[in-house]
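Visitor: So you can see what is in the structure, the chains are spelled out below.
Protein chains: 2
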Amino acid sequence: MNKINVGLIGYGVVGSGVVKLLKQREEYLQNKFNAQFFIKTLADRSIHKKDTRGLGRTLLTKDYRKVLEDPEIDVVVELMGGLHPAKEIMIEALKRGKHVVTANKAVIAAAGKELFQLAKKHNAHLYFESCVGAGTPMINIITDGLAGNKFSALYGIINGTCNFILTAMTKNKMSFGQALAEAQKRGFAESNPTLDINGMDSTHKLAILISLAFGKFIHVKDIYTEGITQISHDDIEHAEKLNLTIKLLAIAKKVNRKIEARVHPTLISKDHPLASINNVYNALYLEARPMGDILLSGEGAGQMAAASGVLSDLIHLASNWKGDTSLLSNIYSEVKNLGIRPIGQVKTKYYLRFMASDKPGTLSKLAGVLGRYKIGINSVTQKAHSGKSTVPVIILTDDAPERLFRLALQKIDQLSIVKSKPVAIRMENLN
Amino acid sequence: MNKINVGLIGYGVVGSGVVKLLKQREEYLQNKFNAQFFIKTLADRSIHKKDTRGLGRTLLTKDYRKVLEDPEIDVVVELMGGLHPAKEIMIEALKRGKHVVTANKAVIAAAGKELFQLAKKHNAHLYFESCVGAGTPMINIITDGLAGNKFSALYGIINGTCNFILTAMTKNKMSFGQALAEAQKRGFAESNPTLDINGMDSTHKLAILISLAFGKFIHVKDIYTEGITQISHDDIEHAEKLNLTIKLLAIAKKVNRKIEARVHPTLISKDHPLASINNVYNALYLEARPMGDILLSGEGAGQMAAASGVLSDLIHLASNWKGDTSLLSNIYSEVKNLGIRPIGQVKTKYYLRFMASDKPGTLSKLAGVLGRYKIGINSVTQKAHSGKSTVPVIILTDDAPERLFRLALQKIDQLSIVKSKPVAIRMENLN
Numbered sequence: 085m086n087k088i089n090v091g092l093i094g095y096g097v098v099g100s101g102v103v104k105l106l107k108q109r110e111e112y113l114q115n116k117f118n119a120q121f122f123i124k125t126l127a128d129r130s131i132h133k134k135d136t137r138g139l140g141r142t143l144l145t146k147d148y149r150k151v152l153e154d155p156e157i158d159v160v161v162e163l164m165g166g167l168h169p170a171k172e173i174m175i176e177a178l179k180r181g182k183h184v185v186t187a188n189k190a191v192i193a194a195a196g197k198e199l200f201q202l203a204k205k206h207n208a209h210l211y212f213e214s215c216v217g218a219g220t221p222m223i224n225i226i227t228d229g230l231a232g233n234k235f236s237a238l239y240g241i242i243n244g245t246c247n248f249i250l251t252a253m254t255k256n257k258m259s260f261g262q263a264l265a266e267a268q269k270r271g272f273a274e275s276n277p278t279l280d281i282n283g284m285d286s287t288h289k290l291a292i293l294i295s296l297a298f299g300k301f302i303h304v305k306d307i308y309t310e311g312i313t314q315i316s317h318d319d320i321e322h323a324e325k326l327n328l329t330i331k332l333l334a335i336a337k338k339v340n341r342k343i344e345a346r347v348h349p350t351l352i353s354k355d356h357p358l359a360s361i362n363n364v365y366n367a368l369y370l371e372a373r374p375m376g377d378i379l380l381s382g383e384g385a386g387q388m389a390a391a392s393g394v395l396s397d398l399i400h401l402a403s404n405w406k407g408d409t410s411l412l413s414n415i416y417s418e419v420k421n422l423g424i425r426p427i428g429q430v431k432t433k434y435y436l437r438f439m440a441s442d443k444p445g446t447l448s449k450l451a452g453v454l455g456r457y458k459i460g461i462n463s464v465t466q467k468a469h470s471g472k473s474t475v476p477v478i479i480l481t482d483d484a485p486e487r488l489f490r491l492a493l494q495k496i497d498q499l500s501i502v503k504s505k506p507v508a509i510r511m512e513n514l515n
Numbered sequence: 085m086n087k088i089n090v091g092l093i094g095y096g097v098v099g100s101g102v103v104k105l106l107k108q109r110e111e112y113l114q115n116k117f118n119a120q121f122f123i124k125t126l127a128d129r130s131i132h133k134k135d136t137r138g139l140g141r142t143l144l145t146k147d148y149r150k151v152l153e154d155p156e157i158d159v160v161v162e163l164m165g166g167l168h169p170a171k172e173i174m175i176e177a178l179k180r181g182k183h184v185v186t187a188n189k190a191v192i193a194a195a196g197k198e199l200f201q202l203a204k205k206h207n208a209h210l211y212f213e214s215c216v217g218a219g220t221p222m223i224n225i226i227t228d229g230l231a232g233n234k235f236s237a238l239y240g241i242i243n244g245t246c247n248f249i250l251t252a253m254t255k256n257k258m259s260f261g262q263a264l265a266e267a268q269k270r271g272f273a274e275s276n277p278t279l280d281i282n283g284m285d286s287t288h289k290l291a292i293l294i295s296l297a298f299g300k301f302i303h304v305k306d307i308y309t310e311g312i313t314q315i316s317h318d319d320i321e322h323a324e325k326l327n328l329t330i331k332l333l334a335i336a337k338k339v340n341r342k343i344e345a346r347v348h349p350t351l352i353s354k355d356h357p358l359a360s361i362n363n364v365y366n367a368l369y370l371e372a373r374p375m376g377d378i379l380l381s382g383e384g385a386g387q388m389a390a391a392s393g394v395l396s397d398l399i400h401l402a403s404n405w406k407g408d409t410s411l412l413s414n415i416y417s418e419v420k421n422l423g424i425r426p427i428g429q430v431k432t433k434y435y436l437r438f439m440a441s442d443k444p445g446t447l448s449k450l451a452g453v454l455g456r457y458k459i460g461i462n463s464v465t466q467k468a469h470s471g472k473s474t475v476p477v478i479i480l481t482d483d484a485p486e487r488l489f490r491l492a493l494q495k496i497d498q499l500s501i502v503k504s505k506p507v508a509i510r511m512e513n514l515n
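As they're listed, the protein sequences go chains A and W. Residue 85 is where the first sequence starts when you use my numbering, and the numbers rise one by one after that. Residue 85 is where the second sequence starts when you use my numbering, and the numbers rise one by one after that.
In case anyone wonders, no lab produced these hints; they're calculated from the structure. Among these hints, one or two may not hold up.
Identical chains blur together in the list; that is why a pair holds if it fits in one copy or across any two.
Below 27 Å or equal to it, Euclidean Cα-Cα: the simulated DSS-like pairs (lysine-lysine) are [said to hold, decoys possible]:
(1) K342 - K107
(2) K234 - K467
(3) K337 - K443
(4) K234 - K104
(5) K116 - K205
(6) K354 - K503
(7) K104 - K420
(8) K179 - K197
(9) K255 - K342
(10) K146 - K325
(11) K87 - K420
(12) K146 - K197
(13) K124 - K234
(14) K269 - K420
(15) K234 - K87
(16) K433 - K503
(17) K325 - K472
(18) K325 - K433
(19) K505 - K150
(20) K269 - K431
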C-alpha cells in the first residue's frame with residue numbers, strides 16, 4: 085500500500101469536492117490502486133469559517149507554510165486559485181521535492197515552463213488535469229491517450245459559460261443578457277463573468293493545450309482573443325439558415341513551423357460533431373497523426389467534475405509512485421524553432437453581414453472591393469426587392485488573410501450603399 | 085534510455101503499420117519518452133512473401149517460437165489475429181515474464197480474465213488499446229483518463245463498417261447492398277463482413293469495455309446481439325421525421341448490481357452528439373460518476389489508426405518500465421456479486437412500424453393489445469384516409485420489459501387489421 089500524505093491548500097468549492105470524493109472512494113482507491121491518501125494538513129485563510137466536519141485527524145490552519153514546511157507531506161494540492169501566491173507556493177513545493185497537483189490554469193498558462201523545469205530538476209511530478217475541461221481528460225488524452233501522435237490542429241470549446249450562453253441564445257432565443265443571468269442563476273458563471281465572456285479564460289486554457297500538443301510555450305498575449313458579447317440574434321438566425329452554428333472556439337494550428345492561436349466566435353457546420361456540444365459541455369477536437377481526428381467532450385465545470393480531475397491526478401501520482409519521474413516531466417518537451425503566426429497573417433473564411441441599399445449594382449460594388457483585396461466570394465445571400473429600401477446582405481468569403489480582410493472591411497463600411505456597420509464572424513471548415 | 089527488444093508476431097496490415105510508425109518516430113520516441121524500440125524478431129507464417137525492406141537487423145522467421153524462446157525479447161506484439169494460436173502465444177509469453185501488446189479483441193474478450201491473472205502473477209504488462217476503436221483511446225480513457233470514476237452506463241458505436249453502411253443508407257439513400265459494396269470498395273469492410281454486420285464484432289468489443297468499466301468478465305453469449313441487416317429505408321425515413329437516427333449501438337448498464345449488455349440497431353435523437361458520429365468514426369459515450377457524461381470519438385479502423393494504438397501501448401510500457409506492474413494489472417479489478425440481467429428483463433422504449441387497415445377502430449385495437457401487457461404508448465403516427473386501404477402506423481412506446489413487448493408483438497402480428505410483419509427497433513433516451 086502506498087500511503088500518501090496530502091497537503092491541501094484552498095478549501096473552496098473544488099477543495100471540499102476533493103475531500104468528499106477521497107472519503108467516498110477510500111476503500112476503492114486502496115483496493116484498485118493500492119493507494120491510501122491522507123489529508124495531513126488543510127490550509128485556507130478563512131478556515132475558521134469553513135465546514136470541516138469529517139476532517140478530524142487533519143491539521144487545520146490558515147497558514148499554507150504549514151503545508152510547505154512539513155517534510156512528511158508528499159504532495160501539495162493547490163486549489164486556492166489566482167496567480168499569487170499560488171505560483172510561489174507551487175515553486176517552493178517543487179523545490180522541496182514535493183509533488184504538485186493543481187487546477188490553477190492561470191499559473192500553468194503563465195509559468196508552465198518554469199514549473200516543469202523545476203519539477204524535473206527536483207524529481208517531482210506536476211499534474212494539472214482540471215486546468216482544462218475540469219475532469220474531462222483533455223490533458224491526459226494529449227499526453228497519454230494519444231501518446232506517440234503528433235498534432236497539427238486543435239479546436240476547443242473550453243468555456244462552459246460561453247457555450248451555455250450561446251446555446252441558450254440559439255435554442256431558447258434568449259438575449260445575451262437573459263442567457264448570462266440564467267448561467268449565473270444556475271451557478272455556471274462567476275458573479276464577475278468578465279474573464280469568461282471576453283474569451284480570456286479560454287485563452288489561458290488554449291495556451292496550456294498548445295504547450296502540450298505542439299511543444300511550444302506561448303504567451304497569452306500572442307493568442308488573438310475575441311469574446312462573445314457582440315453576437316446577435318440576427319447572426320444566429322442567418323447562420324441557422326446557412327446550416328451553420330456559432331461556437332466560441334479556441335483554435336490552434338501548426339503549419340510550416342509556425343503556430344497560429346486564436347479564440348473567437350466561429351461559425352461551423354451544424355453537421356460537425358462540435359456543433360452538437362451544447363450547454364456547459366466542453367469539447368476538444370484534435371487533428372492527430374497518424375490517428376486522425378479525435379473528439380473528446382464532457383462537462384467542463386462544476387465542483388465534482390473538477391474534483392474528478394484532481395482525483396485522477398492523485399491516482400496517476402500513486403500509480404507512478406516508484407516510477408521514473410523524468411519521463412513524466414517530459415510531458416512538455418519543447419520543440420525548437422517554432423514561431424508564432426501573427427493574427428494579420430492568419431487565413432480564414434468569413435461570414436459578413438450588413439444592411440445595404442436595395443438597388444441594382446450593390447453586389448458589383450461589394451464584389452469590386454473584395455476583389456481588390458483578392459478575397460474570393462463563396463456565396464452571397466441578398467433578399468432583394470422586399471419593398472424596403474435596405475436589405476440584409478450575407479457574404480461568405482473564401483480563405484483570406486486577416487490583414488487584407490480588415491482593409492476590405494473598412495472600405496465596405498465606407499461605401500454609401502452600406503447602411504449598417506458590417507458584422508464579420510470567422511468560419512472554420514472542419515472535417 | 086530504455087532499450088526495449090520487441091518480438092512482432094503477424095506482419096499484415098497493422099503489423100507493417102507499426103513497423104513504419106516506429107521507424108518514423110524513432111528519434112521522437114528517444115527524445116520525448118526516453119525509449120528505444122528495436123524489433124529483434126519478426127515472425128509471420130508467410131514472411132517470405134512479405135515486403136521486409138528496412139528490417140535489416142531484424143531476424144525474420146516463419147516460427148513464432150523464435151520470439152517466445154528468446155530471453156532477450158522484452159515484449160511480444162501479437163498482431164496475427166484469430167483465437168488460436170494467438171491465445172496460447174500470449175499465455176506463454178506472459179508465463180515467461182514477457183510483456184504483451186495485442187490488437188486481438190477476440191482473445192481479450194474470451195480470455196481476458198485468465199490473461200490478466202497471468203500477467204499479474206508473472207509481473208508482466210498486458211496492453212490492448214487497439215482492441216476497441218483502434219487507436220482512439222477508449223481503453224485508456226476508462227482505465228486512466230477517468231481513473232477514480234465509477235461507471236453506470238456506456239454506449240458505443242464501435243464497428244466502423246456498420247456505421248459507414250448506416251450513414252450511407254441515411255445520408256446518400258443507398259441500399260444496404262450498395263452501402264456494403266461501397267464499404268468493401270473503400271477497404272473498410274472485410275471481404276467476409278459477417279462478423280461486422282451481424283453485430284458480433286461489436287459484441288466482442290463490448291465485452292472488453294464491460295470488464296474495464298464495470299469489473300465483470302462477461303461471456304459474449306450473455307450479450308444480446310442483433311445486426312443491421314434488417315434495417316430498411318422505410319424505417320430510416322420514418323425515424324428522420326421523428327428527429328431520430330438509427331445507429332448500431334453497443335450498450336451496457338449497471339443497475340442494482342446487475343449488468344445488462346446488448347448490441348442492436350437503436351434509435352436515438354438527432355440532437356445527441358452520438359447522432360453526428362458518421363462514416364467509419366467510432367464513439368464511446370460514458371456515464372461516469374462523479375465526472376458526468378463523456379464522449380470520445382475517432383476513427384475506429386485503418387492501418388495507421390490501429391498502429392497508433394499499438395504505439396501508445398508501447399509508450400505506456402516504456403513509461404512504466406521500472407514501475408510497479410501490480411498497479412497496472414489491477415486495470416481489471418473484478419467486482420464481486422455482479423449479475424447479468426437477461427434480455428427478457430431489460431426495459432427499453434420501442435419504435436414499432438407496420439401497415440394497418442385504414443379503418444376506424446384500428447388504433448383502439450392496437451392500444452388494447454399493448455395495454456394488456458402494460459406497455460404505455462408515447463406517440464402514434466398514422467397517415468389516415470389517404471385513399472389507400474392500408475396505411476403505415478408508427479408507435480413509440482414507453483419503457484417496457486423485452487419479454488412483455490415480444491408477447492405483445494406476437495399478438496399485434498396476429499391482428500387481422502395488421503397487414504405487414506411489424507418492425508420493432510429499440511430506442512434509447514440519451515441525456
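Visitor: Within, between, both or neither: how does the pair K433, K503 come out at a Cα-Cα threshold of 27 Å?
Guide: within (23 Å within a copy, 54 Å between copies)
Visitor: Within a copy, between copies, both or neither: which one fits K269 and K431 at a CA-CA cutoff of 27 Å?
Guide: neither (39 Å within a copy, 36 Å between copies)
Visitor: Given a CA cutoff of 27 Å, do K325 and K472 count as a within-copy pair, a between-copy pair, both, or neither?
Guide: within (21 Å within a copy, 36 Å between copies)
Visitor: When Cα atoms must be at most 27 Å apart, do K342 and K107 count as within-copy, between-copy, both, or neither?
Guide: between (47 Å within a copy, 25 Å between copies)
Visitor: What label fits K104 with K420 when the C-alpha limit is 27 Å: within, between, both, or neither?
Guide: between (43 Å within a copy, 25 Å between copies)
Visitor: Is it within a copy, between copies, both, or neither that the alpha carbon of K234 lies no farther than 27 Å from that of K87?
Guide: Classified as between; 22 Å across copies, 36 Å inside a copy.
Visitor: State whether the alpha carbon distance between K234 and K104 is at most 27 Å within one copy, between copies, both, or neither.
Guide: The answer is between: 15 Å across copies meets 27 Å, while 38 Å in one copy does not.
Visitor: Taking 27 Å as the upper bound on the Cα-Cα distance, should K146 and K325 be classified as within, between, both, or neither?
Guide: neither (57 Å within a copy, 61 Å between copies)
Visitor: When no copy is named, should K146 and K197 be tagged within, between, both, or neither for a Cα gap of at most 27 Å?
Guide: Intra 29 Å, inter 49 Å, cutoff 27 Å: neither.
Visitor: Checking an output row: K124 and K234, CA cutoff 27 Å. Within, between, both or neither?
Guide: between (40 Å within a copy, 26 Å between copies)
Visitor: Go through the copies and call it for K505 and K150: within, between, both or neither, with a Cα cutoff of 27 Å.
Guide: neither (58 Å within a copy, 75 Å between copies)
Visitor: If the cut is 27 Å between Cα atoms, do K337 and K443 qualify within a copy, between copies, both or neither?
Guide: neither (42 Å within a copy, 62 Å between copies)
Of the numbered hints given earlier, the model fails hints 2, 3, 6, 9, 10, 12, 14, 19 and 20; all others are met.
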